[in-house]
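Undergrad: Protein chains in written order, with the working numbering: chain Z, 1 to 117; chain G, 1 to 115.
A portion of the hints provided could be inaccurate.
[Stated by the list, open to error] Listed next, with one range per pair, are the computed distances between beta-carbon atoms: (1) G:Met83 / Z:Thr57: 40 to 50 Å; (2) Z:Gly16 / G:Ala54: 26 to 36 Å; (3) G:Pro40 / Z:Ser5: 10 to 20 Å.
These are calculated hints, taken from the structure and not from any lab test.
Note that CB positions come from ideal geometry on N, CA and C, so glycine has one too.
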Amino acid sequence: GAVVSQHPSWVICKSGTSVKIECRSLDFQATTMFWYRQFPKQSLMLMATSNEGSKATYEQGVEKDKFLINHASLTLSTLTVTSAHPEDSSFYICSASNLAGDAYEQYFGPGTRLTVT
Amino acid sequence: AQSVTQLGSHVSVSEGALVLLRCNYSSSVPPYLFWYVQYPNQGLQLLLKYTSAATLVKGINGFEAEFKKSETSFHLTKPSAHMSDAAEYFCAVRKSTGTASKLTFGTGTRLQVTL
């Protein structure tokens, strides 16, 4: 149980275009989802926290108009990188938490590698 | 605020040798502590977690960690390394109060296992 998927697993896009990444909890209801960014050989940096049905809370320094997060249902959150530029190239990882279950734990998706050319 | 420090960005051990990955934490409230493993181009897999129950926590793949409040440490150990243990390991901390609060990760330790 507690499986989180991400789609796509990798994407290459041209500079100036927008890219949407989906994060789904497959077998549980995720009241809270988190989006992380990971640069090569570095740790995970939290970008934002989203609760179903409400606006995401962004970490300091993360542009909310650049990284649009939607958490429209208890099983799906999306991250849209708008007007992507090469510096947005990174590994994006989502995680999901279920308050009804083990509230201590975040279940991580497999990640999405974004390359902007 | 919470933070974790992982000493040693790279650790190399021989197959069959003891694995010791260090993690020290700082937290203003009693913490919950986690160890995750990440294989190349993959997400994070939970190895084990401390949530204020037993201080010696056993996880998957033969790993264990001991919470030592006096030392503010949560070091990860495995008695005998296997080639398949080669990966990146992250220590993480979160507050024990509140629900689904955010994790703060350490900078990671890359474990290399040699023959």
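Undergrad: Just tell me: holds or violated, for the beta carbon distance of Met83 (chain G) and Thr57 (chain Z) against 40 to 50 Å?
TA: Distance hint for Met83 (chain G), Thr57 (chain Z) holds at roughly 41 Å.
Undergrad: Could you tell me whether the CB distance from Gly16 (chain Z) to Ala54 (chain G) stays inside 26 to 36 Å?
TA: Because 53 Å falls outside the window, the suggested range is violated.
Undergrad: Quick one: are Pro40 (chain G) and Ser5 (chain Z) within 10 to 20 Å, going by C-beta?
TA: At roughly 19 Å between Cβ atoms, Ser5 (chain Z) and Pro40 (chain G) fall inside 10 to 20 Å, so the hint holds.
Of the numbered hints listed earlier, the single one contradicted by the structure is hint 2.
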